[in-house]
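*Asks:* One-letter residues, chain by chain:
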Amino acid sequence: MTWKRYQNELIALAAFVLMFIGYGYKTAQVSSQGETMASANHSVGEIKEVIALQKIWADKKTTKNVDKLQTLIPTSKVQWSSKSKKVTANYKGLTATELNNLVTKILNLPVEIQKLKIQKIASSYDVEFKCKW
Amino acid sequence: MNFTGNNKELILAHTSMKPVDLSYTVNVMLTPQFYTLKKEVLPLNYAYQAKRIAPSLFEGLVEEGRDHDYIVWKEGDEWVFLAYDMEMITAFLARKGFVLENVSKIFFAQQAVDLFDKPLVLGENEALASLDDMIVVVPRVALMEEGPFLVFDNSFTPKKGVGLQDAYGSVLSMKQASTLAVIFTLFSLMFFVEGSRYSNNVQVGEAQMQELLEDYPSLQSKYTRDNIITKYKTIDTAERKKREIVKMVSDMIFKGVTLTSFDIDEKSYKVQFSCKDAQVANRVKALAKKNKLNTAAIAGSNDLKIEGTL
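Note that the protein sequences, when read in sequence, are chains A and B.
This note's numbering puts the first residue of the first sequence at 1, with every later residue one more than the last.
This note's numbering puts the first residue of the second sequence at 134, with every later residue one more than the last.
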């Protein structure tokens with residue numbers, strides 16, 4: 001019965017193996033947590049990014065805000081054409097202040113600028129603006 | 134069922150015994166030829182205290198330079214101390230044909246002193262007898278009368294014995310093995326608990342994502358999310374660039390510079406500045422360079438043109 005000769009060593013070895021299994025379990029959990037957390041963080045980040053992008057570029061108030069471009073300038077200077085989610089606007093004879101206000105407003109709108117043309121005519125400005133959202 | 138190993142055959146080992154040939158596990162009882170005995174009345178309560186002072190009691194009584202182990206128990210008011218040399222014992226047992234793996238426990242004749250109401254014959258010339266509650270080896274001729282003698286059997290097996298596994302080839306003693314086992318087991322428990330905590334943390338991370346998905350159920354599919362990101366990210370990047378260009382152009386307008394025309398569409402941009410003099414034109418050029426925009430002078434004037442693609 002050779003095992004009896006090494007009974008003490010076997011007891012210590014069994015406990016060591018148990019410790020090793022415990023260490024393996026912990027390591028596996030740490031590694032699994034790292035992967036799962038990284039994956040979860042990535043997914044959470046991705047979802048947050050989607051939400052943020054949607055909030056900007058699919059804002060339901062955009063139509064209402066774009067319409068304000070029509071009233072921002074005196075009606076006599078504006079030629080407005082709106083169809084579905086597209087706008088074509090022509091502004092004639094804008095003062096520098098009106099131009100600044102208009103451009104600032106356009107830049108702050110979450111729309112795709114298809115065309116923005118500013119032309120200085122004498123001391124005033126003509127603006128052609130096309131956008132969609 | 135006896136779990137203490139006391140149901141095994143008990144063999145009395147003495148110097149004049151004949152060699153044995155055994156293929157099964159036995160217990161062995163040793164005669165005083167293999168141990169030194171001392172009895173003392175000491176104000177001690179526990180055996181471990183007695184065991185601690187045992188080496189000092191045997192100073193001068195046992196052979197110096199050899200390792201001795203001790204076994205201690207209490208008989209009435211007296212503490213019984215027994216010193217033995219396990220190396221010498223195992224060597225003797227091996228010489229007599231004992232396979233050490235087959236020796237389960239070792240007992241000492243003194244432990245069964247109560248059973249020695251008669252002498253026990255050891256071979257032709259010697260006998261074991263109890264004198265003043267001490268088992269001693271006496272010459273058989275010294276016995277007052279011939280018989281009756283004790284018959285040695287398993288009933289002499291005491292309750293407490295010495296395990297032999299520590300004595301033959303084992304690198305670790307039982308105590309060391311137990312200590313190591315306890316340490317390793319504690320560590321393993323620690324690892325299991327820690328591992329289980331990490332497992333819980335994973336669930337927390339997953340719960341956070343589930344919470345978000347509950348608020349936005351349409352984003353549950355990764356395919357949908359990827360599509361939305363692709364769509365809006367392209368728009369976002371292009372539109373940010375357009376706005377950046379407008380901002381850069383507006384930063385280049387200062388006293389002496391007039392924006393003559395500005396045109397931006399989905400692919401390119403074109404800007405024209407009218408500058409009062411060459412100095413202003415140079416400053417505009419420097420600003421354009423800083424913003425990594427390419428300028429071109431319009432022949433015959435101080436006007437500058439900037440063109441580029443998005």
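Some clues are possibly wrong.
[What the hints assert, rightly or not] Distance ranges between label pairs, derived from CB positions:
(1) A:ASN101 to B:ASN333: 25 to 35 Å
(2) B:LYS423 to A:ASN101: 35 to 45 Å
(3) A:VAL17 to B:LEU248: 40 to 50 Å
(4) A:LYS132 to B:ASN427: 28 to 38 Å
(5) A:ALA122 to B:GLY441: 45 to 55 Å
(6) A:LYS86 to B:GLY441: 39 to 49 Å
(7) B:ALA275 to A:VAL17: 21 to 31 Å
(8) B:SER351 to A:LYS132: 40 to 50 Å
(9) B:ASN333 to A:LYS132: 47 to 57 Å
(10) A:ASN101 to B:ASN424: 15 to 25 Å
(11) B:ASN334 to A:VAL17: 19 to 29 Å
(12) A:ALA122 to B:ALA432: 20 to 30 Å
Hints in this document: simulated from the structure, not taken from any laboratory.
The beta carbon of each residue, even a glycine, is placed where N, CA and C say it ideally should be.
*Asks:* Of all the hints numbered above, which does this structure not satisfy? Sort the numbers upward.
*Replies:* Of the numbered hints given earlier, those the structure breaks are 1, 2, 5, 6, 7, 8, listed in rising order.
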